[in-house]
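*Asks:* Sequence:
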Amino acid sequence: MQNTPDPSNNPIETIYDKLGGWWDGLITNLPNIAIALIVLLVAYFISRLVYNVTLKVAYKRGKQNSATKLLARTASVTVVLLGLFLALGALNLGKTLTALISAAGVSGLVIGLALQGTLSNTFSGVVLSFRKNIRLGDWIETNGFAGEVIDINLNYFVMKEADNNHVILPNKSILENPIKNYTLTTKMRIMIECGVGYESDLEKVQKVVKQTIYNTFDQIESPDDVEFFYEEFGGSSINFLCRYWVDSENSIEKLRAKSKGIIEIKKAFNKEGINIPFPIRTLQFDDVLQTKDLVKDKEFSNN
Numbered sequence: 001m002q003n004t005p006d007p008s009n010n011p012i013e014t015i016y017d018k019l020g021g022w023w024d025g026l027i028t029n030l031p032n033i034a035i036a037l038i039v040l041l042v043a044y045f046i047s048r049l050v051y052n053v054t055l056k057v058a059y060k061r062g063k064q065n066s067a068t069k070l071l072a073r074t075a076s077v078t079v080v081l082l083g084l085f086l087a088l089g090a091l092n093l094g095k096t097l098t099a100l101i102s103a104a105g106v107s108g109l110v111i112g113l114a115l116q117g118t119l120s121n122t123f124s125g126v127v128l129s130f131r132k133n134i135r136l137g138d139w140i141e142t143n144g145f146a147g148e149v150i151d152i153n154l155n156y157f158v159m160k161e162a163d164n165n166h167v168i169l170p171n172k173s174i175l176e177n178p179i180k181n182y183t184l185t186t187k188m189r190i191m192i193e194c195g196v197g198y199e200s201d202l203e204k205v206q207k208v209v210k211q212t213i214y215n216t217f218d219q220i221e222s223p224d225d226v227e228f229f230y231e232e233f234g235g236s237s238i239n240f241l242c243r244y245w246v247d248s249e250n251s252i253e254k255l256r257a258k259s260k261g262i263i264e265i266k267k268a269f270n271k272e273g274i275n276i277p278f279p280i281r282t283l284q285f286d287d288v289l290q291t292k293d294l295v296k297d298k299e300f301s302n303n
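Numbering (this note's numbering), first residue to last: 1 to 303.
Hints in this document: simulated from the structure, not taken from any laboratory.
Owing to the predicted nature of the structure, the values given are computational and were not obtained by experimental measurement.
Incorrect hints may appear among the rest.
[Unchecked claim] With a cut-off of at most 20 Å between alpha-carbon atoms, the simulated PhoX-like pairs for lysine-lysine come out as follows:
1. 132 to 207
2. 180 to 56
3. 260 to 187
4. 210 to 267
5. 204 to 132
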C-alpha cells in the first residue's frame, strides 16, 4: 500500500501559507499602518517645529549655544518618541511597546550609573546657562580662581584669569561652591592703608587725603563720601585707613583705582610736606667699655 504525502510537510506549501497569512494580515492592518505612518510623519514635523521654537526661546534666555541646542534637541527627540509610541499603539503592538519601555528603562538606568559624573556636569551646564547671575563676560571668583567667564559648555566652565591663563572647571564644582560675581554691581570699595609721622597734623592729613581722593575720582560727589579712620599708634607712624567707592566691574579696574589713589596721595603728601616714615633701627655700641679695656692693655704693656 502506497502512502500519500502529507501536504503539511511540503516546505514550499508552508512558505506559501506563511506569506499568505502575512499578506492577509497586511491587508487587514493596512488602515492601522496608514494611521501609524501619518502619526510618525506628523510627529516628525512637530519635532522640527519644537526644535526651532525651543532653540529661539532658549537662546534668548541663556545665550549659550551648546546648552540651548541640547535643550532643543531633547525636546525634539521627546516629541519623536511620543509619536513612535502612538504609532505602535495604532498597530496594536502593545506587547512590543511594553517591551520597548522596559528595555529603555533598564538601559537608561545602566547608562545613568555609568555616566553619573558626565551627566551631572551636563545637567549643571544647562542650569548654569540659564542662571541670570552668571553671564559670559562676567568677572567672578570661585574655587580659588578669579577671572572672566568666556565659555559655559555642556561639561566644563572656562574662565580667563588676569594673567591670560585659562582655567577649566567642571560645571558641577561651579554649582556646588560659592561664587563671587564682581560684575553684578557697578561699584567696588577701595581700601588704602598708610601711616604718617608722629609730628604730623592729623586733622590736616585727614583733610588732604579726603580732598585728594575727591579730586582724583569723578564718581565721588563730595569729600565727605571718602571714609577716613586713624587705626593705631604704630612703631614709627600713626596708621590710618582710607575707604572710597568707585565705578568698577572687575578686579583689574579695582587695582587700577587703588594704584591711582596711592599715587595721588603720595603726591599730595610731598606737596604739603607730610612725612610717611619708615622703620629705623638704631644700633648702639658701648664705646666706653671698649676704651677702658684698651687703656688697661696699654698700661700693662708699659709695665
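*Asks:* Given the hinted pair residue 210 and residue 267, is their alpha-carbon gap at most 20 Å?
*Replies:* holds (14 Å)
*Asks:* Going straight from one Cα to the other, do residue 204 and residue 132 come out at no more than 20 Å?
*Replies:* violated (47 Å)
*Asks:* Are residue 132 and residue 207 close enough, with their CA atoms no more than 20 Å apart?
*Replies:* violated (43 Å)
*Asks:* Quick one, are residue 180 and residue 56 close enough, alpha carbons at most 20 Å?
*Replies:* violated (30 Å)
*Asks:* Is residue 260 within 20 Å of residue 187, Cα to Cα?
*Replies:* holds (16 Å)
In this structure, the hints that do not hold are numbers 1, 2, 5, in rising order.
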